[in-house]
Amino acid sequence: MRIAYFTSHILPKDFQLLEAKAATKPNPAGQNFHGRLINAIAPFAEVQVISLIPNREGLISEGERNENGLTYRYVDSGNNKIARAILAPGRTAKQVATPVDIVIYDSLSITLAKAAKKAAKATGAKLVAICTDSPYNLTGTKKSYSDLLVSLSSNCDGYFCLTEGLNKLFNKRGAPSLIRMGVAEFPEKKESIGRAPYFYYGGALFIKDGTKAMIDAYNALKPDYDLVIAGHGAYEKEAKEASNANPRIHFLGQISKEENWDLECGASLLINPRLYRKDLDDVSIPSKVIEYLATGNPIVSTKSEDLKKAYPDDVNWIEDGAELTKFLADHLDKNGKLMGLKENCAAKKLASVLGFKAIGEDFTSFLQTLIRK
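According to numbering that gives the first Met the number 0, the residues represented by the sequence shown are 0 to 372, in order.
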């Protein structure tokens, strides 16, 4: 089976360059998810990756890269908005170098959606949308933009969706779909050396994601653990201020995937404090909780109905990030040490359902059924 994968995922070394030098930082969540999915299907199919560079500052050049048996073709969409809208989809579509059976694409990009459609039509391939979030949740986008994204992906041959809610949102004609909550990765664990015991949160820094609730809970209860925060977002300034005001709070900004994993593996408690919204829960899976589950370390998380159903006893579930203060008060002894937490024993089950081999087999088997139609 031959696959063309349209994405904004780039090779890790290039993403690290953007993290270090770009004025506008790229989104690590999308980078990580699509990288995992590409690596999951690569052993089971012939995959060529067409990557729209997620930055317009000229830091990364167009061209072909080859790594670990995969071919990446980087495309720069350009700085001119009109030219980008008119020319970029066609230029991107033409990067498919050999005949393919399946065209896969990230449904959260207008350019990629248009390019994938053009490529599928030109090659006679089946078109499959990857749906990881609702476009109505994208920060700073207009409703008309989100409407267009949904419309562009409403008539595909197949869908890979993280939730049933996403399938209902995009898959308007009831095409075949595969629902999986994410792709789990299990990098080698490293010992965290020279750091005091700590709580950890790595992710988007917004009030709606519970950053304020987490900092307020920590300052109110003063546990005998440091609080380490990584990420970026609108609440970044306040996170820095909290770090300056309290020597036990450490704000790291946006960090590499590898450093994030090392910090997750060394944490005494992993926190997902997102404020609960049912409309968000229906179309979103907190990828950080899947990462947390892979570590074997204790987790406290706002509920995600799908994850809670699958891993009811491996996470200390709370209804909402606003309940974090009460949770910690109930699980800290008089010396500020954690007590009475549920153990995280999810790794084996997680690997069997969402690991690279499991997802690779499931997804490529699903794609084969589309080719046979």
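Mixed in with the good hints there might be a few duds.
[To be verified] Here are the simulated DMTMM-like cross-link-like pairs (lysine to aspartate or glutamate), alpha carbons at most 25 angstroms apart as the crow flies:
no.: 1; residue 1: K277; residue 2: E163
no.: 2; residue 1: K20; residue 2: E235
no.: 3; residue 1: K341; residue 2: D361
[What the hints assert, rightly or not] FRET-style restraints, in silico, Cβ to Cβ:
no.: 4; residue 1: R55; residue 2: N218; range: 31 to 41 angstroms
no.: 5; residue 1: I85; residue 2: D223; range: 54 to 64 angstroms
no.: 6; residue 1: A195; residue 2: K236; range: 17 to 27 angstroms
no.: 7; residue 1: N26; residue 2: P246; range: 41 to 51 angstroms
It is worth saying that the hints were derived from the structure and are not from the lab.
Since the structure is predicted, the reported quantities are computational estimates derived from the model, not experimental observations.
C-beta atoms are modelled at their ideal positions from N, C-alpha and C, and glycine is treated no differently.
We went through each hint and held it up to the structure:
no. : hint                               : verdict
1   : K277 with E163                     : 13 angstroms, holds
2   : K20 with E235                      : 18 angstroms, holds
3   : K341 with D361                     : 31 angstroms, violated
4   : R55 with N218: 31 to 41 angstroms  : 39 angstroms, holds
5   : I85 with D223: 54 to 64 angstroms  : 59 angstroms, holds
6   : A195 with K236: 17 to 27 angstroms : 25 angstroms, holds
7   : N26 with P246: 41 to 51 angstroms  : 31 angstroms, violated
Hints 3, 7, counting from the list given before, are not met by this structure.
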